[in-house]
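Assemble the whole structure, with the sequences as input and the hints as a guide.
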Amino acid sequence: MKRVFIFGYYGFKNAGDDAMLESIINSIKKIRSDVNISVLTYNAKYTKTTHKVGVISRSKIFEIVSAIKNCDLLISGGGSLLQDVTSSRSLIFYLGLIFMAKLFGKKVMFYGNGYGPVNKKFNKLLIKSLVSKVDLITLRDDISREELYNLGIIDNVEVTADPTFTMKSCDSNRLDEIFSIEKIPADKELVGVSIRRWKDDKKIKETIASAIDHISELGANVVLIPMKYPDDLDFSIEVKEMCKTKPFIIEDYYKPEEILGIISKMTMLVGIRLHSLIFAAIENVPMVAIEYDPKVKGFIDLVNQESVGDIGELDSINLCLSIDKVYHNRESYKKVLISKKPLLEEKARKTANMAVELLYSE
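According to the numbering used here, the sequence shown holds residues 88 to 449 in order.
Everything labelled a hint here was simulated from the structure, so no lab data went into it.
A few of these clues could be false.
Below, in silico cross-link-like pairs of lysine to aspartate or glutamate (EDC-like), each with a Cα-Cα straight-line distance of 20 angstroms or less [unchecked claim]:
no.	residue 1	residue 2
1	Lys352	Glu338
2	Lys412	Glu393
3	Lys211	Glu233
4	Lys421	Glu393
5	Lys333	Glu269
6	Lys315	Glu269
7	Lys193	Glu444
Here are the in silico distance ranges between beta carbons for each label pair [as the list claims (entries may be wrong)]:
no.	residue 1	residue 2	range
8	Gly183	Pro204	16 to 22 angstroms
9	Lys422	Ile118	28 to 34 angstroms
10	Ile148	Gly306	55 to 61 angstroms
Since the model is a prediction, treat every value here as computed from it, not as a measurement.
Here a beta-carbon is modelled for each residue, glycine too, at the ideal position from N, C-alpha and C.
This is the structure in structure tokens:
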């Protein structure tokens with residue numbers, strides 16, 4: 088039996104990361120159900136219960152070494168893991184896993200990853216020396232490929248798609264149950280808003296609150312949809328308190344496929360977090376992005392949707408103008424998404440096929 092060990096930002100109740108992991112597991116298992124998959128996680132109990140796989144805690148160094156030594160393929164499981172915006176510590180940790188795998192003669196794959204931003208020269212040198220040894224690099228956007236090319240990493244690199252494009256939402260009965268629990272009425276159109284904290288919280292909260300009030304004036308109900316629990320929920324509550332109108336908030340924690348289902352019911356979505364936008368694209372929901380990271384711009388360019396630009400320059404007038412543009416032309420934006428989706432799904436499935444092919448290659 089072949090063994091796969093997946094690492095990533097798992098166990099933090101982040102719907103985007105959980106969605107990537109679930110999609111990778113399901114896509115590989117769909118091709119080869121006999122593959123043994125284990126996952127590196129911050130919260131072993133949560134990940135084991137949620138994804139039904141073997142788990143290794145990030146704090147158990149000897150178990151991590153053993154898992155890498157005994158695996159046939161080490162997978163970097165989606166997301167922009169190699170970045171030093173927050174700190175260099177996680178970047179060095181992930182590079183250490185790759186170094187260890189190569190030390191043991193193991194195959195390594197990047198599975199639909201993003202890359203960057205990486206700003207420190209030393210970190211770039213580390214990445215170049217180690218990532219150039221990776222057997223297969225699949226990326227989710229052209230910006231990531233260009234960044235790796237600039238480092239001189241050219242071989243075995245292919246742009247596919249984010250792993251979550253293979254994901255399906257929960258069934259309609261469960262969705263009805265969720266909307267009943269959250270007391271969200273069906274008397275008006277729904278506009279989703281998915282936000283996160285950033286550097287200038289006060290300005291962002293004021294701007295988002297103003298935009299929510301504007302959406303209400305268009306005749307729609309606003310639903311705040313947290314992607315990371317409880318961080319985004321707390322921030323959403325703070326924003327709600329600043330609104331003149333009363334938006335709804337998804338208050339309970341839900342699985343990724345349930346959040347995907349919730350977003351499917353939206354007329355449009357205003358999002359900061361990347362996977363709120365990816366979920367919208369999966370369900371053909373037109374969107375307005377607020378760019379807190381280059382990966383958001385990369386995705387919005389890919390699916391030809393509207394962006395209000397960099398979060399640091401966010402202002403109420405431009406945000407409301409972008410919302411108006413998408414809201415009043417939503418059918419046109421939806422048609423674009425419908426045309427883009429089949430290829431992205433196909434590319435996401437291709438990544439799984441490439442992973443299995445690498446796993447069983449001599």
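Going through the hints against the structure:
1. Lys352 - Glu338: Cα-Cα ~17 angstroms, so holds.
2. Lys412 - Glu393: 8 angstroms, holds
3. Lys211 - Glu233: Judged against 20 angstroms, a Cα distance of about 14 angstroms means the pair holds.
4. Lys421 - Glu393: Distance of about 12 angstroms is within 20 angstroms: holds.
5. Lys333 - Glu269: Given pair Lys333, Glu269 holds - Cα atoms ~14 angstroms apart, limit 20 angstroms.
6. Lys315 - Glu269: Since the Cα atoms of Lys315 and Glu269 sit roughly 17 angstroms apart, the hinted pair holds (cutoff 20 angstroms).
7. Lys193 - Glu444: 15 angstroms, holds
8. Gly183 - Pro204: 16 to 22 angstroms: 20 angstroms, holds
9. Lys422 - Ile118: 28 to 34 angstroms: For Lys422 and Ile118 the Cβ distance comes to about 32 angstroms; the hint holds.
10. Ile148 - Gly306: 55 to 61 angstroms: 56 angstroms, holds
Against the hints set out earlier in the document, no violation occurs for any number.
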